[in-house]
Amino acid sequence: MFNQITGAEIVLKSLLEQGVEVVFGYPGGAVLPIYDSLFKQNSIRHILVRQEGGAIHAAEGYARSSGKIGVVLVTSGPGATNVVTGLTDAMMDSVPIICITGQVPQHLIGSDAFQECDTTGITRPCTKHNYLVKDANKLSSVFHEAFEICSNGRPGPVLIDIPKDVQFAKGKYISKKEIKIPPHRLFEPKIKTNETNIDEATKLLANAKKPIFYVGGGCINSGPKACELVTKFIEETKTPATMTLMGLGVLAASNKFSLGMLGMHGMYEANMAMHDCDVMINIGARFDDRVTGRLDAFSPNSKKIHIDIDASNINKTIKIDIPIIGDIETVMKQLSNSWEKNNYNIDEKNLNEWWKKIEHWKKVDCLNYQQGKDIIKPQHAVKRLYELTKNKKTFITTEVGQHQMWAAQYYKFEEPNRWLTSGGLGTMGYGFPAAIGAQIANPDALVIDVAGDASILMNIQEMSTAVQHRLPVKIFILNNEYMGMVRQWQELLHGGRYSESYTESLPDFLKLAESFNAKGLRAKNLTELDPVIEEMIASDKTVIADIWVDKQENCFPMIQSGSAHNEMVLNKYQKQDQVSLEKGKTLV
Amino acid sequence: MNKSVYSSPKNNDDINRHILTVLVDNEPGVLARVVGMFSGRGYNIDSLNVAEVNNNLLSRITIVTHSTNEVVNQIQSQLMRIVPVHSVTNLDKENSAVEAEVALIHMFLNDMNKKQAFQICDLYRARKIENENSYVIFEIAGTSERINKFIKDISNITNIEIVRSGPVAISTAKKNEEA
Numbered sequence: 001m002f003n004q005i006t007g008a009e010i011v012l013k014s015l016l017e018q019g020v021e022v023v024f025g026y027p028g029g030a031v032l033p034i035y036d037s038l039f040k041q042n043s044i045r046h047i048l049v050r051q052e053g054g055a056i057h058a059a060e061g062y063a064r065s066s067g068k069i070g071v072v073l074v075t076s077g078p079g080a081t082n083v084v085t086g087l088t089d090a091m092m093d094s095v096p097i098i099c100i101t102g103q104v105p106q107h108l109i110g111s112d113a114f115q116e117c118d119t120t121g122i123t124r125p126c127t128k129h130n131y132l133v134k135d136a137n138k139l140s141s142v143f144h145e146a147f148e149i150c151s152n153g154r155p156g157p158v159l160i161d162i163p164k165d166v167q168f169a170k171g172k173y174i175s176k177k178e179i180k181i182p183p184h185r186l187f188e189p190k191i192k193t194n195e196t197n198i199d200e201a202t203k204l205l206a207n208a209k210k211p212i213f214y215v216g217g218g219c220i221n222s223g224p225k226a227c228e229l230v231t232k233f234i235e236e237t238k239t240p241a242t243m244t245l246m247g248l249g250v251l252a253a254s255n256k257f258s259l260g261m262l263g264m265h266g267m268y269e270a271n272m273a274m275h276d277c278d279v280m281i282n283i284g285a286r287f288d289d290r291v292t293g294r295l296d297a298f299s300p301n302s303k304k305i306h307i308d309i310d311a312s313n314i315n316k317t318i319k320i321d322i323p324i325i326g327d328i329e330t331v332m333k334q335l336s337n338s339w340e341k342n343n344y345n346i347d348e349k350n351l352n353e354w355w356k357k358i359e360h361w362k363k364v365d366c367l368n369y370q371q372g373k374d375i376i377k378p379q380h381a382v383k384r385l386y387e388l389t390k391n392k393k394t395f396i397t398t399e400v401g402q403h404q405m406w407a408a409q410y411y412k413f414e415e416p417n418r419w420l421t422s423g424g425l426g427t428m429g430y431g432f433p434a435a436i437g438a439q440i441a442n443p444d445a446l447v448i449d450v451a452g453d454a455s456i457l458m459n460i461q462e463m464s465t466a467v468q469h470r471l472p473v474k475i476f477i478l479n480n481e482y483m484g485m486v487r488q489w490q491e492l493l494h495g496g497r498y499s500e501s502y503t504e505s506l507p508d509f510l511k512l513a514e515s516f517n518a519k520g521l522r523a524k525n526l527t528e529l530d531p532v533i534e535e536m537i538a539s540d541k542t543v544i545a546d547i548w549v550d551k552q553e554n555c556f557p558m559i560q561s562g563s564a565h566n567e568m569v570l571n572k573y574q575k576q577d578q579v580s581l582e583k584g585k586t587l588v
Numbered sequence: 001m002n003k004s005v006y007s008s009p010k011n012n013d014d015i016n017r018h019i020l021t022v023l024v025d026n027e028p029g030v031l032a033r034v035v036g037m038f039s040g041r042g043y044n045i046d047s048l049n050v051a052e053v054n055n056n057l058l059s060r061i062t063i064v065t066h067s068t069n070e071v072v073n074q075i076q077s078q079l080m081r082i083v084p085v086h087s088v089t090n091l092d093k094e095n096s097a098v099e100a101e102v103a104l105i106h107m108f109l110n111d112m113n114k115k116q117a118f119q120i121c122d123l124y125r126a127r128k129i130e131n132e133n134s135y136v137i138f139e140i141a142g143t144s145e146r147i148n149k150f151i152k153d154i155s156n157i158t159n160i161e162i163v164r165s166g167p168v169a170i171s172t173a174k175k176n177e178e179a
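Heads up: the sequence lines are chains A and B, in that order.
Reading the first sequence from the start, the letters are residues 1 to 588 in the numbering used here.
Reading the second sequence from the start, the letters are residues 1 to 179 in the numbering used here.
Treat the hints as calculated values from the structure; they're not laboratory data.
Treat the numbers as computed from the prediction; the structure is a model and nothing was measured.
No residue lacks a Cβ here, since even glycine has one placed at the ideal position from N, Cα and C.
Be aware that one or more of the hints could be misleading.
What follows is a set of in silico ranges between Cβ atoms, one per label pair, in the way DEER data are often shown [as the list claims (entries may be wrong)]:
no. : chain 1 : residue 1 : chain 2 : residue 2 : range
1   : A       : T196      : B       : R17       : 28 to 38 Å
2   : A       : S505      : B       : L57       : 52 to 62 Å
3   : B       : E161      : A       : G110      : 30 to 40 Å
4   : A       : K319      : B       : G42       : 11 to 21 Å
5   : B       : R125      : A       : G121      : 53 to 63 Å
6   : A       : Q370      : B       : D13       : 27 to 37 Å
Computed footprint of chain A on chain B; a stretch qualifies when at least three of its residues, placed anywhere within it, have a C-beta under 8 Å from a C-beta of chain A [claimed, not checked]:
no. : region
7   : 64–77
8   : 119–133
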């Protein structure tokens with residue numbers, strides 16, 4: 001027999017051929033043969049995390065900041081179950097991840113062996129696809145197919161479970177070229193595009209009086225070129241555009257056609273425009289409930305065009321008039337061609353009227369806040385962070401909660417792939433490991449995790465990872481000693497009964513940083529804020545900046561669950577638009 | 001009245017019976033993927049049938065479900081996202097499809113009811129496949145509706161025990177499924 005190598009070696013060889021540079025992982029009994037192969041080579045870098053959950057979020061951060069595939073390697077049983085949250089997160093946010101898990105030897109499967117769990121069973125609903133490989137000869141074809149499946153069409157996580165005996169067994173390596181993946185197993189060959197819908201869509205847009213683009217994370221997944229084409233088309237049609245949480249950066253925040261983010265904590269003007277528009281063009285977004293609010297009152301008078309690569313997103317929650325299924329880059333080219341070919345233009349008078357209305361909503365100044373002389377307002381902290389970092393190549397990750405929304409509102413993203421947040425699943429503890437992954441992928445960049453005091457504790461053990469690998473990741477904690485978003489909902493919806501949302505016994509984040517041999521900084525009042533941010537940026541170490549912010553501050557504007565887009569709650573400093581908000585007020 | 005702040009959209013669409021036929025790669029876990037998708041997303045399965053097709057590389061899953069047209073469309077596109085799924089066809093939309101299911105009926109007969117039971121079996125063309133002193137087993141094939149009727153009639157006469165396969169269906173139109 002020629003070319004016989006061990007299963008573990010096949011794994012490494014497959015990863016190499018797929019161009020993998022970094023693997024995030026944690027060793028254990030059932031993956032030792034693979035770790036042994038890893039030890040014998042120098043091409044693939046392994047980043048040792050401190051908990052498997054950290055590995056997969058780091059891989060997500062790596063993937064989303066670089067456009068590459070993130071690879072995770074963990075052991076059986078608890079190793080596998082610890083990545084379930086991250087797999088689900090990657091599934092919800094369409095992040096391409098390959099997760100390799102060890103499994104007990106085949107003769108022990110089903111016997112409740114030590115560190116055994118039904119990994120493929122557990123992860124079936126939270127992966128795009130998964131495999132249990134029972135034959136070393138099939139390993140390479142499984143790997144090559146897995147890489148293709150994970151990045152093709154709508155990206156997502158793919159898991160490969162490898163029993164220990166298969167890692168030891170000898171088999172033949174088959175290279176990528178020699179493998180033919182049946183087209184039905186991939187996403188894109190299944191797409192049935194409908195060319196006539198393109199012309200119908202441009203015609204509808206050309207005849208619109210109050211059009212709006214609603215742009216999502218799908219554009220970022222489609223690639224920088226797709227984002228560019230989306231921007232160009234928006235500029236050409238002179239149409240206002242709003243972005244989802246996942247879509248921030250598709251259109252530069254400074255672009256004059258950008259209305260900023262929409263949704264539950266989105267901009268007043270964006271949500272009002274979504275409600276009042278007559279033609280909506282959804283590009284790569286999926287009508288998430290945090291975006292739509294009350295379904296029966298969602299943009300009631302508009303015709304809706306929906307561009308998505310995943311047919312199951314069409315008509316899932318919102319009825320679509322013109323669906324266009326396909327990759328955004330391709331579709332945008334088709335739309336532009338159709339627009340130019342037909343010499344379309346939106347009636348200028350109508351469009352000006354529409355913009356005038358939007359300018360009127362903008363005057364509400366929904367992000368206004370009153371920064372006093374002493375206590376730092378969390379919004380102000382993010383605003384200063386933006387001002388002091390905007391000229392650098394900066395990546396922002398976040399945890400989940402108020403700080404996440406403030407970061408989305410006050411940090412202005414000019415480019416795609418610079419903003420990494422757990423949007424779909426809302427995973428607290430995502431941001432710090434994701435920042436580690438982003439820093440690995442972009443060693444020269446400034447990577448900042450905007451965190452809350454509660455979220456950061458969910459994966460604080462990764463401090464050790466960051467320090468070990470000399471990653472100058474910055475953790476910017478908006479510390480209000482509360483689970484801020486929980487506290488806010490309790491204040492607004494549960495009669496101010498703050499059940500279990502106050503964090504007693506918070507660690508001293510300064511000493512915590514020092515104990516990991518990192519740098520700790522603290523800003524207790526306004527005068528200390530800028531110097532702390534500056535010192536944080538200047539440091540080449542891992543830094544925790546503990547920013548003490550106003551404990552009572554709430555995140556506004558807000559569409560409460562069960563309300564419509566024109567029923568936003570603003571904060572007390574803003575003058576509300578009387579006509580549109582009467583209903584909203586009654587809900588406060 | 002729903003007190004939740006979340007809206008529960010009213011659905012006035014008709015709920016209909018749909019027969020979905022799903023062609024899949026014959027590989028481990030494929031049934032779990034299909035069934036898991038139904039339970040995970042809260043869809044109903046009235047009956048389910050799985051068997052290899054003429055080569056052992058593919059299997060056909062026949063699923064009967066009750067839902068609105070909107071939901072059945074969503075089920076179809078969710079099924080298409082599953083990697084080993086080749087094709088999904090809603091046979092109710094094809095107009096020209098035939099369906100059949102098989103039932104085995106165990107009857108406890110005595111001299112009093114035997115004759116009448118056999119008459120009903122004759123009427124429905126149920127076939128006797130086992131005959132002992134105290135019991136008889138019949139087999140009947142046909143549409144679910146016909147089997148329902150048969151069961152109703154025969155239950156009036158004797159105690160029975162039934163095993164049903166759930167329907168399988170085929171389109172009468174000739175077509176090329178991606179195989």
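Checked hints:
no.: 1; hint: A:T196 - B:R17: 28 to 38 Å; in the structure: 32 Å, holds
no.: 2; hint: A:S505 - B:L57: 52 to 62 Å; in the structure: 60 Å, holds
no.: 3; hint: B:E161 - A:G110: 30 to 40 Å; in the structure: 33 Å, holds
no.: 4; hint: A:K319 - B:G42: 11 to 21 Å; in the structure: 20 Å, holds
no.: 5; hint: B:R125 - A:G121: 53 to 63 Å; in the structure: 44 Å, violated
no.: 6; hint: A:Q370 - B:D13: 27 to 37 Å; in the structure: 50 Å, violated
no.: 7; hint: 64–77; in the structure: holds (count 4)
no.: 8; hint: 119–133; in the structure: violated (count 0)
In summary, the structure is inconsistent with hints 5, 6, 8 from the numbered list given earlier, while agreeing with the others.
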